[in-house]
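Take the given structure of chain A and dock chain B to it, following the hints.
So you can see what is in the structure, the chains are spelled out below.
Number of protein chains: 2
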Amino acid sequence: MSDAAPLFSTQEYLWRVTRLQDHMKTEQLDGLLLTTPADIFYVTGFLTRFWESPARPWFILIPATGRPIAVIPSIGAALMGQSWLDDIRTWDAPDPTDDGVSLLVDAIAETIPMKGSLGVPMGLETHLRMPLADFARVGNAIKPRNIVDGTTTVQRVREIKSETQIAKIRATCEIADRVFARVPEFAASGKPLDQVFRDFQIALLQEGADWVSYVAGSAGQGGYGDVISPATAQPLAKGDVLMLDTGAVKDGYFCDFDRNYSVGPPSSAVQRAQDALFMATELALNTLRPGMTAADLYGIMTKALGAAGATVGGGRFGHGLGITLTEWPSFTAKDTTPLREGMVLTLEPGVEVSAGKFLVHEENIVLRANGPELLSTRAPQTLPELG
Amino acid sequence: MSDAAPLFSTQEYLWRVTRLQDHMKTEQLDGLLLTTPADIFYVTGFLTRFWESPARPWFILIPATGRPIAVIPSIGAALMGQSWLDDIRTWDAPDPTDDGVSLLVDAIAETIPMKGSLGVPMGLETHLRMPLADFARVGNAIKPRNIVDGTTTVQRVREIKSETQIAKIRATCEIADRVFARVPEFAASGKPLDQVFRDFQIALLQEGADWVSYVAGSAGQGGYGDVISPATAQPLAKGDVLMLDTGAVKDGYFCDFDRNYSVGPPSSAVQRAQDALFMATELALNTLRPGMTAADLYGIMTKALGAAGATVGGGRFGHGLGITLTEWPSFTAKDTTPLREGMVLTLEPGVEVSAGKFLVHEENIVLRANGPELLSTRAPQTLPELG
Numbered sequence: 000m001s002d003a004a005p006l007f008s009t010q011e012y013l014w015r016v017t018r019l020q021d022h023m024k025t026e027q028l029d030g031l032l033l034t035t036p037a038d039i040f041y042v043t044g045f046l047t048r049f050w051e052s053p054a055r056p057w058f059i060l061i062p063a064t065g066r067p068i069a070v071i072p073s074i075g076a077a078l079m080g081q082s083w084l085d086d087i088r089t090w091d092a093p094d095p096t097d098d099g100v101s102l103l104v105d106a107i108a109e110t111i112p113m114k115g116s117l118g119v120p121m122g123l124e125t126h127l128r129m130p131l132a133d134f135a136r137v138g139n140a141i142k143p144r145n146i147v148d149g150t151t152t153v154q155r156v157r158e159i160k161s162e163t164q165i166a167k168i169r170a171t172c173e174i175a176d177r178v179f180a181r182v183p184e185f186a187a188s189g190k191p192l193d194q195v196f197r198d199f200q201i202a203l204l205q206e207g208a209d210w211v212s213y214v215a216g217s218a219g220q221g222g223y224g225d226v227i228s229p230a231t232a233q234p235l236a237k238g239d240v241l242m243l244d245t246g247a248v249k250d251g252y253f254c255d256f257d258r259n260y261s262v263g264p265p266s267s268a269v270q271r272a273q274d275a276l277f278m279a280t281e282l283a284l285n286t287l288r289p290g291m292t293a294a295d296l297y298g299i300m301t302k303a304l305g306a307a308g309a310t311v312g313g314g315r316f317g318h319g320l321g322i323t324l325t326e327w328p329s330f331t332a333k334d335t336t337p338l339r340e341g342m343v344l345t346l347e348p349g350v351e352v353s354a355g356k357f358l359v360h361e362e363n364i365v366l367r368a369n370g371p372e373l374l375s376t377r378a379p380q381t382l383p384e385l386g
Numbered sequence: 000m001s002d003a004a005p006l007f008s009t010q011e012y013l014w015r016v017t018r019l020q021d022h023m024k025t026e027q028l029d030g031l032l033l034t035t036p037a038d039i040f041y042v043t044g045f046l047t048r049f050w051e052s053p054a055r056p057w058f059i060l061i062p063a064t065g066r067p068i069a070v071i072p073s074i075g076a077a078l079m080g081q082s083w084l085d086d087i088r089t090w091d092a093p094d095p096t097d098d099g100v101s102l103l104v105d106a107i108a109e110t111i112p113m114k115g116s117l118g119v120p121m122g123l124e125t126h127l128r129m130p131l132a133d134f135a136r137v138g139n140a141i142k143p144r145n146i147v148d149g150t151t152t153v154q155r156v157r158e159i160k161s162e163t164q165i166a167k168i169r170a171t172c173e174i175a176d177r178v179f180a181r182v183p184e185f186a187a188s189g190k191p192l193d194q195v196f197r198d199f200q201i202a203l204l205q206e207g208a209d210w211v212s213y214v215a216g217s218a219g220q221g222g223y224g225d226v227i228s229p230a231t232a233q234p235l236a237k238g239d240v241l242m243l244d245t246g247a248v249k250d251g252y253f254c255d256f257d258r259n260y261s262v263g264p265p266s267s268a269v270q271r272a273q274d275a276l277f278m279a280t281e282l283a284l285n286t287l288r289p290g291m292t293a294a295d296l297y298g299i300m301t302k303a304l305g306a307a308g309a310t311v312g313g314g315r316f317g318h319g320l321g322i323t324l325t326e327w328p329s330f331t332a333k334d335t336t337p338l339r340e341g342m343v344l345t346l347e348p349g350v351e352v353s354a355g356k357f358l359v360h361e362e363n364i365v366l367r368a369n370g371p372e373l374l375s376t377r378a379p380q381t382l383p384e385l386g
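Going down the list, the protein sequences come from chains A and B.
Counted the way numbering that gives the first Met the number 0 counts, the first sequence spans residues 0 to 386.
Counted the way numbering that gives the first Met the number 0 counts, the second sequence spans residues 0 to 386.
The shape of chain A in the complex, shown without the other chains (with noise of 0.2 Å):
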């Protein structure tokens, strides 16, 4: 039934495609192919969670000029319809016979000259949505056409956001704010850290988010030891910190940020960790310019933690946000993306406040000429306590 608008408008895709065909065209690509749902989303607006089904591939291929070609399951024809694309291919999938690849086969072979490359995301932090066999038949079939590394085309592209798409972000931070605020009605000691997720998610849903992929949190006496695994039933107790992270997803944006509570009165040594992570942050939201790379960034959180006596966590301190959970670049040593304007980045600084307890901060901004600008409300220096 669904008669939705365009999230966007065609002008804000062609943006985004012109751009990508700018970029195509410096790199020496005479084709882009994207399968994965946040690159189909980005140049086409399709924006659905049926893509949690793996059974069916889905191909958009973009030339080096003109709108983009869908070649999809026909159980898409009628939302890409809504699309501004003109040219929608369809074939009954899944098929174990020829499953899209004849019909995307056809499309590359319309699309780009005969020694023309073709690129493909194939780098850090992409990964190819199909079968790896069909992908060698596609191969195989298009020769001499090349298949090359389409990386940085899609990833200095996507990476710097419009105006609107900065809106969507900041709308979904928003939702999320209200239900940090909320967090002290339905946590507090004694309430089992599984029901405290459910609650969690129950209320992003009720201030607004579509749907909510992604919840990751944990308690611990001092300090948490693990952000990834599954809530256990296990109460929340005097002395723990509850750490609560979300991605909330409106309108298909993401945001990507956490807060930290003290179930009763902080110990001096996390409050001691947490002004640490504070200050690491205000210093980043203060000093961060375009220019700089992601690896200078790291630098200067690292560098405050330590100055104010901080034993500095593992793992990265942000990264890239948008249409999926956690977008590049990476703030850590080793990646030297420069950072620009437009950019929507996480600042996530941790530390360690004793052998095997962590703190990690997290604040969603978008980085303007003059630095960063706050999506997420700024989290409070002390922390906030829960019954």
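Which bits of chain A does chain B cover? Going by a derived footprint, with three or more residues having C-beta under 8 Å, they are:
1) 39 to 52
2) 94 to 105
3) 122 to 128
4) 215 to 227
5) 320 to 332
Reference listing, derived: stretches of chain A covered by chain B, where coverage requires no fewer than 3 residues with Cβ under 8 Å from a Cβ of chain B:
6) 64 to 78
7) 301 to 315
Rather than coming from a laboratory, the hints here were simulated on the basis of the structure.
The C-beta atom is built at its ideal place from N, Cα and C for all residues, glycine as well.
For chain B alone, coordinates are given in the frame of chain A:
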């Protein structure tokens, strides 16, 4: 902090891996490389929503004999450390210079003889969850070892569920059953569909889902046109058929079934369509036996719909179910996969009520020696009415 017990006994995981290794022997595989959330969960019990971040690859290598080896980002070490695995190798990911490639190559070199074959799922309904360029690097580095298709091994083993797995799927179905009974509490004429979707997800969490990975649905006068679009704010109206479908998750196991509701009394055309769907499903429930193929079952249902004078809807008429929303096989005319005892399946016939207006009916079953056992509570033949 998590101190969750592994979801299943070591005996269960040994049963799974031994069956994989038996198939590997038949298929002449000296090792099997797994990269997807479901395949890794299947052999290790590693359950986390952290897969939502596409940043990092994760690897499980199954040798010809003995326990699997985990080669994973260090952020997963604590959680994987709770599994039955004893060989867990980690690196700080994402690493732009070497994102687990060297570690994985070493593990393969230790495990697989020089002229051996490494299986990787590359067939229908699979994909490789790691960067393609890194996969090529691994392939080159492990030469002269071969990389070959491991799809059959994974699919023939995973599709037969143990009783403990069946109990998990049944528990998730029971959550959805309770929520479908509550739909009249939150869906009625005048209620915007997007709010119905939110309340449906809230109810699933309230009834015990850990998270809600999939919600779909639609509403339309005398049937619906599209079942994969996000909900719009359009209010339900008298004469609409509302369909809600969910893949809720509990302990990592999915349900996947829908229910239809009529807003006010259904038209005779809608009730006739519903009758045809109900009877086709009854026939499948009464006649399906191990030894039939997926195509046989599709034939039974399409024939029953035709005999009832209904117009057969497009798309498949059901599929496997378990640790992803949809698993192989597919009930289509082309899928000749044998149906075997212990398979968990959805029966999902669809009809076209009038031009572009559909009705889809779905149940979840486990196939026993003497036929299907329902895991979902059988839908009523008469469409429930909403106010």
